[in-house]
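If you read the sequences in order, they're chains A and B. Each residue of the first sequence is one higher than the last, beginning at 1 in my numbering. Each residue of the second sequence is one higher than the last, beginning at 691 in my numbering.
Check the hints yourself; a few may be wrong.
[Stated by the list, open to error] For lysine to any residue, the following SDA-like pairs were computed, each having C-alpha atoms within a straight-line distance of at most 25 Å:
id, chain 1, residue 1, chain 2, residue 2
1, A, K291, A, K349
2, A, K679, B, Q707
3, A, K291, A, V386
4, A, K547, B, I814
5, A, K62, A, L140
6, A, K679, B, N1015
7, A, K520, A, A551
8, A, K593, B, I814
9, A, K679, B, G908
10, A, K547, B, G724
11, A, K305, A, K360
12, B, K849, B, G908
13, A, K593, B, Q707
Read the hints as simulated data drawn from the structure, not as lab findings.
Each chain is listed here by its residues.
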Amino acid sequence: MASEALKKRKPKVIRNEGGTPEGKRGRGEGEQVTRRSFDSRVYNEEGELEGRDPKQDYQQYKDTCAALAKLMAEIQELKSNGAKDGSVEIEERRRQSCVHFMMLKKLNRLAHMRLKRGRDQTHETKQKVDVLHLQLQNLLYEVMHLQKEIGKCLEFKSQHEEIELVSTEDFFTEAPAEISRPHITKEDPHQLTLARLDWELEQRKRSLAQQYKTSLASKEKIEKGIEVKKEYLSSLLPGLQSIMQASLPLQEYLSMPFEHVQKQAEVAHHLPPPLYVLLVQANAYGQASDKNLSVFISGDVDEAKALSKPPEDSQDDESDSDLEEEQNTKRRRATLGGQLDDKRKEMLKRHPLSLCIDLKCKDGSVLHLFFYFLMNLNILTVKTKVSPSSQLCGAVSAGELLNPETLLNCLYASDHGRETPNPANRYQFDKVGIATFADYISDLGHPYRWVQRLGGLQFPCDSPESAVTGSALSANHMESTMKLLRGRLQARLALHKQFISLEHSMIPVSAECQDLFPAKVLSRLARWTTITFQEFVELPMVQHVVKAGLAHETDLFFMAVLERGTARLQAAIVLNPRYPDATPLYSLSLLWKGERSGRTDDNLRAMESEVNVFRMELQGPRPGHQLLTNQLQRLCMCLDVYLETESQVCDGVEGPREFPREKMCLRTARGPNRLKPFKYNHPQGFFSHR
Amino acid sequence: GSRVRLCVVKMGPVEVQFSLLHMSVYSQSFSPCGRFLAAGNNYGEISVFSLSAALSPDASEASQKPILTFTAHDGPVFSLLSTDSHLLSAGNGEISAWSWVELIKRVGVEHLKIDVSLRTSLEIPEINTMVLSLKDNSLFVGGGDNNIHMMDLETGVFKSTLQGHSDYIHCLAVREREGELLSGAEDGAVRIWDSRTGRSVHCVEIYKYEECSRPQFGKWIGCLATDSDWMLCGGGPSLSLWHLRSLSPTSVFPILGCQRQAAFYQDLILSVGEGGSLNHCLLSGEVKAQIPCTPPCLNTLALNGTEQRVLTLGGSSDQIDVFTNLSYRAFSLSF
């Protein structure tokens, strides 16, 4: 009842106090209060439990049960005797049995409480045991760990055990007392070991010091030996020199040029590095693979010696004078011109020594190459001279062919040798007012790029795509360059010969190339002249060539006139200096019944391509020296075909044909632009289309 | 396809320049999509140009160069023709087929080669012209053997030969609706054929008409074009417009040079040839304009009707002139 009332009261409390914890406390207080009031009213059963003996209780339980059974039996008896329910005896007995029931209930309650208490006690003890067990295990683990650590310590090996020590007896006899310290070490083996190790260290120090001393002594000894030997060698030199002197007449007598070679080698020491590289490489190449190449040094050796001895001083002087001159220019501008002249001269100064390479050809003609080094510009230049084998008769048009100024132009593509290849030179030129190196070429020689490469000088190119041959090593270029030089000379000499007959209106066709042309060619070369670049670019028929950038000032230009009857074919020819590697380029113009050129007439254009494009058929035996003349002969042949087929096409109106058809043609026209058959088929002798 | 290789083989830079200097463009054909142009030259090479790249606003020098160049034939490529999927090229006595899909991907591999069994002689006759007849799906081929060959495109078999000309065939034109084929030849005749029977229906010898005749240039017919009842033809004789039903010349155009190709374009007549200009003519016989071009002589004219509206001209130069507007040259493609 009380608890029910409490439960009903609880929400009120919560509402009054205004918080759950308060409410809980309130309820707890309430319970305690009720229990206390209950305790005070009812006797404390738990307290009573302390004072009772379970066995006694058991006895009491038995007694009560027996008494109850007895009472039940009496009631049974009474009832069976016919006593009524409400009779006094039965009531009496029922009251008594109620008391017994109460007793049983109490005993039951007590037994339960005892059981609960027993359980609680068991549980408590069990927990205690668990805690103790855990403690035990921790301790066991700690013990095991400590044992392991001890084991590790015991197993530790010190390095000193490997050192072989002096035996203990020897140690005590040999070692001084401050190391052995017998009073401590005799008892303590640890201290003994330490002391023995100390002693070992001491001994080793001593022996190393000993070794050092002996090494020093031996070194001194060897030094002395060297000194003696040096003295001996230096005393040998004068003797040898006198022997050399004495052997000179003998060398001359036996014509063995040891001395000459040696002298050249000595002079070579004074060469500037690029010329030295060139000398060495040219000599090496000549000895290895070209017997017709000879190299020698010319120039003033003494001047070169003077130049090479105090190089630092002279540089200082230069820079000093530069400074002074700069100041001077600021002060006095009147004398500027004269000073600039001097400075220009100084800048363009050549090294006093130069190198001369002679290339001999099979027919006996010689190409002389003179190499110079411009010290302040750091570039090499070359001058050329040709000594032909026999006196060449003067062909007017051949004048330019062996001109030393242009002979070596474009040995490699676009190497004109007119501008300095060293980019730094431009700034040097700006300082002294030189516009272009080309003004000084006739004096100083051409600074071709291949010359720089032969001397091992490498300069970056203006255009990245032209920097092809990678290595700057002179040796890599020597062979190809020498072959090109010789090829150039031979090509020019061959052209020279051909020009003589061309000027006599003869086209020389060699036996190997006879098959390229029919036996009867009626068109003839009427004129062969050289023209200048200016004259060339003004010709109307070559405008497309000029526009395509195929005519350069460095090229040679010629005009050929072919004639047959009233027809005149003019051919303007661009001859690249790299002929015969580069094909000569022809442009045509025909004067016959009006003027036609390759631009207006597809057939003339086809004739141009016959000579310009299909060079492989025309070059003849290698290296193709007959290319130019074969082109001219093919042009004559094509003119024949042109005129003969043209007159036929146009017949009917013109009256009698000027050019009767003699060439055998399969068809006179073909294709949309009605080209004529310009291709000659050798064994059958007919003309067909390409 | 083993003959396919790049054009610059074993040639120095100067030799390449020389061969460019003497190059002639003979034939052109647009791709079916209209974005590419194939052009054939006298060295047997075919170059493929990207018109869309060359015409784009950010076109550079490089986009005027071919995307692909390959050697197709030994002799010059006088004729190129595009079908729905393939490019047909004509060499000496042979026709090769190239897939446009592959050409656009820059692969020049031959798909098919057809030997045209032309007359056997010391030289293999050339093929000057090819035309397609869509109606009966056949290809007409005309060239050096004076005959016209009709090939079935389905089977690749030559069905019939049209004989009649006495010299080589320059040009062909098809009249689809009437089922007729026109041919112009070196012998000076324009023949009209019934393409079904293979018989020559008419033969017009243009040089015999006084108003067209130019004996100083010869009698050959170099170009032909048709549009409904009209025919254009020219060559040695002056370029003239003919009414086909009456077979009489209605107008003769006073153009000096010999014309090599002509076409109807809207109400204009365009023609090219010697003289290096694109001629605009009116049907009434007047020459409206002569637009100067890069090549001094022109061989071929091609009109692209599809995506990229351009007119391209090739001739005796390595440059192909491109016209976006008929009245001036926009730029040149170059080999």
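Exercise. Verify the proposed pairing of K305 of chain A with K360 of chain A, using a straight-line Cα cut of 25 Å.
Key: violated (32 Å)
Satisfaction of hint between G724 of chain B and K547 of chain A, Cα-Cα up to 25 Å:
violated (33 Å)
Checklist entry - Can the restraint linking K62 of chain A and L140 of chain A be considered satisfied, given a maximum Cα separation of 25 Å? => result violated (54 Å)
**Asked** Is K679 of chain A within 25 Å of G908 of chain B, Cα to Cα?
**Response** The given pair, whose Cα atoms are some 23 Å apart, holds under the 25 Å limit.
- prompt: Holds or violated: are the alpha carbons of K679 of chain A and Q707 of chain B at most 25 Å from each other?
  reply: Cα-Cα ~22 Å, so holds.
K291 of chain A and K349 of chain A: Cα distance at most 25 Å?
Violated, at about 33 Å.
- Task: Starting from K593 of chain A, check that the Cα of I814 of chain B is at most 25 Å away, please.
- Result: Not OK: K593 of chain A and I814 of chain B at ~34 Å, beyond 25 Å, violated.
>> Just to be careful, I want the Cα atoms of K291 of chain A and V386 of chain A compared with a cutoff of 25 Å; is the pair within it?
In response: Roughly 19 Å separates the two Cα atoms, so the pair holds.
* Pairwise hint evaluation, G908 of chain B against K849 of chain B, where the allowed Cα distance is 25 Å at most -> Violated, because 33 Å separates the two Cα atoms, which is more than 25 Å.
| said: Please verify whether K679 of chain A and N1015 of chain B have alpha carbons no more than 25 Å apart. | reply: violated (41 Å)
>> Can you confirm whether the C-alpha distance between K547 of chain A and I814 of chain B stays at or below 25 Å?
In response: violated (37 Å)
### Message
Would the hint linking K520 of chain A and A551 of chain A be met if the CA-CA limit is 25 Å?
### Response
violated (34 Å)
Checked against the numbered hints given earlier, the structure breaks hints 1, 4, 5, 6, 7, 8, 10, 11, 12, 13 and satisfies all the rest.
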